[in-house]
Amino acid sequence: MLKHKGKASSGEKVLVLGSQGFIGKNLIEALTASDFKVEGISSKDLDLTDPKSVVPLAEKMRGCDHLVMLSCLTPDKGKGTDVLMKNLFMAKHVCDALRESGKSLHVVYFSSDSVYSFEESLIHEGIQSSPIDLYGAMHRMRELMFLEVAAENLAIIRPTLVYGSGDSHNSYGPNRFRREAFKEKSITLFGEGEDTRAHIYIDDLVRLTILVLENNSVGTLNAAPDESITYGNLANLVSSCFEEKIEIKSKPRAADPNHRYFETSRCYEAFPGFKFTPLKEGVSKAHEMMQKNKD
Amino acid sequence: MSLNTIAYVGLTHLGLISAAAALEKGFKVICFDRNQELVANLKSGKYPINEPGFKEAMEKRKDRVYFTSCPEDLKKAELLYVAPDIPTNDSGVSDLQGIKELISFIIPSLSKSSCLIVLSQVPPGFTRALSQEIQEPLRVYYQVETLVFGIAMQRALYPERFIVGTQNKNIPLDPNFETFLKAFNCPILVMDYESAEFCKICINAFLAATVSTTNTLEEICQKIGAKWRDIVPALRLDKRIGEYAYLAPGLGLSGGNIERDLKTITSLAQCHGSHGQVVDSFIKNSQHRRNWPLNTFYKKVYPQFSEKPLTLCVLGIAYKENTHSTKNSASLRLLAQLKNFEIQAYDPLVKSLPFEHGSITIKDSALEAVKGADVLFLMTPWDEFKDLQLEDLLSIMRERFIIDPYKILSMDSDVAFKQNVTYYSLC
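Sequence order for the protein chains is A and B. Sequential numbering from 1 applies to the first sequence in this note's numbering. Sequential numbering from 1 applies to the second sequence in this note's numbering.
If you're looking for bench data, these hints aren't it; they were derived computationally from the structure. Model, not experiment: these values are computed from the prediction. No residue lacks a Cβ here, since even glycine has one placed at the ideal position from N, Cα and C. Careful: at least some of the hints might be erroneous.
Stated by the list, open to error - Taking CB as the label site, the calculated pair distances span:
| # | chain 1 | residue 1 | chain 2 | residue 2 | range |
| --- | --- | --- | --- | --- | --- |
| 1 | B | N4 | A | I127 | 50 to 60 Å |
| 2 | B | D90 | A | K5 | 18 to 28 Å |
| 3 | B | L390 | A | P257 | 37 to 47 Å |
| 4 | B | T422 | A | E288 | 25 to 35 Å |
| 5 | B | V415 | A | N170 | 16 to 26 Å |
| 6 | B | F417 | A | E288 | 34 to 44 Å |
To be verified - A few chain A residues facing chain B, derived, Cβ under 10 Å:
| # | residue |
| --- | --- |
| 7 | I248 |
| 8 | S265 |
| 9 | C267 |
| 10 | E269 |
| 11 | F271 |
| 12 | P272 |
| 13 | K275 |
Put together the whole structure using the sequences plus the hints.
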């Protein structure tokens, strides 16, 4: 559950690590239009896997009030121990820089709902994290690393699957379905697409992040709507955005179906009045944006 | 030896109800509390609790009850029931300091031939430790209370059984104590202190199990199109489940006592290496269930409104009807979760909130609270709300959204459709 430590003042500066990723780009754009000042750092600017990044990063931090840590090698870059260790070293160097800076920044760490196991199908922030793969374990370890260095000032955001225009990951979900439908006039599901998942629209995730920054919120927040859908129904939803017929294909699945729903009361309690974009509306918006951006 | 006077120490809901029941059975009663203001109020007929039949019992036997703050007055009593509230923290852990201090305070004033009976909810081991501290010949017992807010007098006068904890169950009960218990014409079960203390916890664990199971199954019913109300009669006719089982779906556990006992079980299980996760699940299920009104609002109602400011009405703040207690009240939780909304609230007994809420107005009547509301939440099943007429409500509401978990308004889908009401309830 999040606690708000007080309203941020106008002109406070946010340092965004991972500024060229899908979430980073969208967040920078929204922060630029807000009362915050913003500076983004991408892997091209600074290699966080390198210990030499600590000193220049600490210097940047001294001029900032908030840090948003998005930098991460996602599973599309590899799922093995090499990627795991790189991700852990990145977090270590950012934590070292926080110590080195001598400043108590408000830190927003972007984790993932992969820290939860599939034993529980109804997820909320009160559930113990219990990752089942290296990616989830990596995020949980990074959460603990940040807790050690910034416990009193740390917000952990655990987004579920994010969709919207500009997604560079192309993971199994709305964006990949839309791209497949556009290019191949078909969508391929594992099995019949029985698994159930929630999907958060990028604009909702950005709005939640800005609320966390504006309120100097600390604690844990799952960024996930209370609407879940099977991949089969999601494929139908995506295909309905196209005028031409989209074929839904099936390929063998590796494991039994599993399901994930979110209990979002803690999010509503933290930010009364917040509305998630309904999936149908979000998929339609993303489709329009992707058409416009030739994504 | 003849029994004359029973004393009640700690004039809480439990203490006062127990005293009223003793009065009804024809005994003389001393009511003691260190809070002099409370005693003065009671003397002048201002009672801090509201239970059907309570006030009448006290008024009817005025000549046989004596309110006091003076411990020396307790010397006249043969039986002393100790019944202070045992506060709990947010996790349900008991703070026993108050009851220990109270007992230490009164002990020097007691007659050595009297019996001290602990009636408050204490963890296993408490009464044995107490009896070892107190010198003979004062006899110490523990008695299980099964107070149910709202029907407390009925349960106190007609208990299903008495459960008594004693140092050694092979030694007969004190004759005065036995005489008193027998006046209620119910079975008397005597057992060791620890068994009796844990028996109370076991009773609450079984209640929690039924409540949690009911709520879980009803939720699944809603998802798969089954009707819980059709299933319930079949369950009640099964002797292993029973006529009186808690099969009405609700918003989880509240009031604090059951939650306290579940916490004690999980702590004991953890301490002794037993598997207590099933009880942990009852607690989690209750927390999940308490969010039903908020989740229903956000998922089904709120998206239908544009950005205009909403006025919400919450009827009922107490955790259940016929009480002013708000401990773990689902309504209180909802109010805390809706802090940014304009809220008009009303409860027949609760007139303030235990926390700051900048945008709430407590109204003097249900209809005043409903006036101009876009969304109506009915959060406590007070009889007063059952008498509300749908037409009256709709004529003063701005929009027609009603979230009524307990189905107080008993609206079926046909009525809701005809009246153009968006209506959500459990079961």
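Which numbered hints fail: Structure breaks hints 5, 7.
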